[in-house]
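Peer 1: What follows is the residue order along each chain.
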Amino acid sequence: MLEVDDLRKTFPVGGGLFRRPARLHAVAGVSLSLDHQRSLGLVGESGCGKSTLARCIMRLIEPDSGQIRITGRDFLKMRGSALSEARRELQIVFQDPYGSLNPRRTIGQTLAEPLRVHGLATDAELAQRVEAALAEVGLPTDAMQRYPHEFSGGQRQRVGIARALILNPGILVADEPVSALDVSVQAQILKLLEGLRERRGLSLLLVSHDLGVVRHVCDRVVVMYLGRVVEEGPVASIFDDPMHPYTRVLRAASPVPDPTARFRLPNIEGEIPSALNPPPGCAFHPRCPSAMPKCSIEQPPPVSVGGARRVACFLYSK
Amino acid sequence: MHSIRRPSVSDDPILRLRDLGVEFRIDDQWHGAVRGVDLEIGRSETLAVVGESGSGKSMTALAIMGLIPAGNGRITAGSSIRLEGQELVGLAEVELDRLRGNRVAMIFQEPMTALNPSMRVGEQIAESVRKHRGLDRSAARAEARRLLDQVRMPSAAQRMDDFPHQFSGGMRQRVMIAIALACQPRLLLADEPTTALDVTIQAQVLRLLSDLKREVDLAVMFITHNLGVVALIADRVAVMYAGQVVETGAVEAIFSQPAHPYTQALLRSMPRVDRDSSDLEPIAGQVPSIRELPTGCGFAPRCPLAVARCTAQLPQVEFRSPHHSVRCWRHGEHA
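Protein chains in written order, with this note's numbering: chain A, 35 to 352; chain B, 18 to 352.
I should point out that these hints are in silico values taken from the structure, not numbers from a laboratory.
For each residue, glycine too, the CB sits at the ideal point set by N, CA and C.
Check each hint, because a few of them may be wrong.
[Stated by the list, open to error] Below, computed lysine to aspartate or glutamate pairings styled on EDC-like, alpha-carbon distance capped at 16 Å:
(1) A:LYS225 <-> B:GLU298
(2) A:LYS111 <-> A:ASP98
(3) A:LYS225 <-> A:GLU210
(4) A:LYS111 <-> A:ASP39
(5) A:LYS111 <-> A:GLU37
(6) A:LYS225 <-> B:ASP293
(7) A:LYS225 <-> B:ASP296
(8) A:LYS225 <-> A:GLU170
(9) B:LYS148 <-> B:GLU160
[What the hints assert, rightly or not] Derived coverage of chain B by chain A (criterion: at least 3 residues anywhere in the stretch with Cβ under 8 Å from a Cβ of chain A; other residues may be distant):
(10) 213-225
(11) 243-249
(12) 290-301
So here's chain B without its partners, still in its complex pose (with noise of 0.2 Å):
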């Protein structure tokens, strides 16, 4: 079962994204991975960031975390993360290592990366425990024991002592669940967390989360690519497209009133396995490069409506509905 979904954000978001831009140096310039996004999470709430490769959705995820890589990489000047109120920008590494964890965690594709190899499961939870909560071991290890049960590990007192290797793919999602929860977040960031899992598996480790959700009141950001994923879990959708979001709204709005020529494109590309789709329609052209981007929307290179303002002059946001927006200059036209 899924919690009530709520199409509008709280007055007091849990997070708020304004004007955020990721830049990345190659070559001695400077091109922006994530340009100008504007995005709230509620409390409780889940948001869906999609988009394809490239897109900016896990930059933007990084950026939240603190984790964008010094030197080759940066925060564009004016950007703010507010985490609960709290401005992220800025602050120093301490401070943000205490941030990270104990207020937002973030779940990655591939578990393994984020494990480590010789540490048995257990102690790698327990850790995380004693570190942000300051218990003391035997309280840490219960407390690791807890939440293997929390996240629905099978036999979770004889799996304490195994290595991350003796574990399948999804059960290895679920440890790093685990991890995430130890310090209690309010908000976890989910990185394409079910991209590298069978279908079966995909939807154990979905209903957990829905069911997490309310069990400890958690804010989800959930980066997906896949658009049947986002219509199952999330209450709101972002979409994004080198590296702007172009649209956002509840998610029924954007499945069934979707405005942005993307967001419209991207859903008849989609083979479906519930219907005869005759109509698949393929997006001409590729995603851009980050060296190239268009000056005006990012999209246009592509976009069957685009006209020459479009290439010439970045669209502005506009509101269809109070919680329902878009960034194209064509969106009335087409509806």
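One chain only, chain A, in its complex shape (with noise of 0.2 Å):
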């Protein structure tokens, strides 16, 4: 459905009049593939590149190289009337529900947007289908007339779930969905998802830092470490046998709601180095427990290990 193939993005940084900016890897050579109907979750730390890497699917930022198929076709190459049928297909749920809302718009107005933008309803039929979104999303029809500010949280990322699939798309994209949401909303919203997800057939990619999130949400799951991807498989085996001395680590530092597992906090050294100075070989070497000599030159290539997982770490290539 969905495949990416060596996505790259570098940010300038800093500069000025006669000196280069340095350049930040933000997305470090990505590849990547959500399949028909299927849910990809993308975790890391903040400055792991995952928001990046999805604003880079979405267009919303041009990748510097690398290759973008949906369905087959070649996204980053598409130009008008075929660029704009790949950007329906292609919709996005973003974290901040209030922020990217526009707040002087009604409701209905905002979820009618897209639709004469494409050009895909009558006057009459948009009445029509702005109601049958807001009601696919649990909003009352009176919502129409009413403006974001009057809504809670969790209702206005549900707003942005309509809006996002007023267009019929196929793939959704959603960066951080419920992490402004207090916990007892977050759970709507989340079988909001699910449900949409089985009924209309989406393929989801599903952005967050919360690994019990995506646990839930998806089938699988890429691990992102400074603009690379460590680890990728099924979310159960990854998160219940982690590989990568990162997802190792990661998964022992997030919280689980049972204090008879109360575990040792675990003892990582260090913060995550910036992108604008990546260490050398694999990313993750200086923190890394069992770091070997060759990780500091080299950069350790993915391998698969079975079970449909891969894995980027000298610890499993032979």
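Two chains, two separate frames, one set of hints: put the complex together.
Peer 2: Shown next as structure tokens:
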């Protein structure tokens, strides 16, 4: 459904009249694929490039190099009507449902906008489509005449989801869709996303820092560190038996609501290095308890380790 | 490693709240953000206060610090806050000021808002040491250096002269903790101190707090919305909803035998990384606004077990065991 191949994106940082800007390697050669009607989680900590990657996939940011194929077609080469059609196929839900809704527009106007832009509905059909979209995300019809500030965070996120769905996309990208919400409301939105995915046969790319959310929603997961994929595979096997030393640390540091499983808090040395100056070789080697001499020289390639899993670490490559 | 968890509250708690209320004026009407809170924290104990936004957990901490904004906010008449036996409600600002820092200190979610951006961190810590412990300049600086070491700041000596913006989020929180410790408080109020941090950095800060607790004999009131963090650090737990404590107990009891329908629902609504959670159950509806608080149990409008009595009458606190209390009319019927 969605294939990403060796995608790269750097940003210029600093620099001046006579000084070249430094390059921040936000996404440093990422490949992944999302199968039809499946859900893929993208996890990692701040600065790992997961949001930049999601935005590159949407072409909200143009990647420097690499390939993105949507149902087999080269998305990055598309122009004009082909691009517009592909964009309809690919929609995004953002973290902050307030920041991503125009405060001066009614919910009805916001939801009708994509239909107008794409010329997909007559005026007569508009109201009907908007009403159907609201019903689908569990909002009352009278929400049409109201403004974003009249809604709670959870309801605004429902509006954000309705806006993404109104063009009937095949692929939904959700960038931290529940991080800004209260715990009791998070589960409502997760249930909604799950239901929509099943009913509509959507393929879902979910970006999240919360491993619990990803385990609940996704079939497979990609773990990123400093712009690269370190491990990927089915959620249950990755989180029950993480192989990459970074995934192990990430999993061990993720709190579980069970005091009997109270672990010794993992002793993780150091912080995430800057993507401006990533360590050579495996980017995790300065913090890695199993680092070997070659880890600081060579970058470990991803290798298949069985069970539909891949890991980029010299501990597993022969 | 963690210190031994003590489920029982000592007879001589470091902090005792009785019928604490905090009110805010909105459109000339006073509304209760914290309502009738009774809590204790024992010496060297970590009490986790867990709740969603608007539950009143931060306001409880601000009330203890005497930081409720005057004018539109006030502590409800009849409230009692006793710190090591001394009543704080009604104290003059000068006396409160002496207390803050000396015996109780607070750290926040976003350290950047609490640090002075144009002052070197070493000076900020030293200032706190001078103010509260009367050390001279060079002794205060040496003490600041020791405190940075104590919070495991890497290259502490070099970092004394850095400004807050030169630190990462996790390191800034360490600086905040160093400032809080500067005055050797008996009680630390920590309001979502790790919420803005990545999980590996959160683990480092939680580990630091748990080590410090042993090293300097510190009681901690840890405010969080994250039940996973509660399970990691708490000796005891207080669950708050709509301004009230709905359940308190030892951390094991709260997680293995949650008695309040809200606590139960919260646990069922949390997606977990350690197991397949196909049984995730959202809580319908949303947290009530402070202006539309129900007269009875605050959770009744969302509670699957609510009966007429729940909306009409505030449940009394009942004890399921000597140290496990719950505020619910129906707690025995669904355990």
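Peer 1: Sort out which numbered hints this structure fails and list those numbers smallest first.
Peer 2: none
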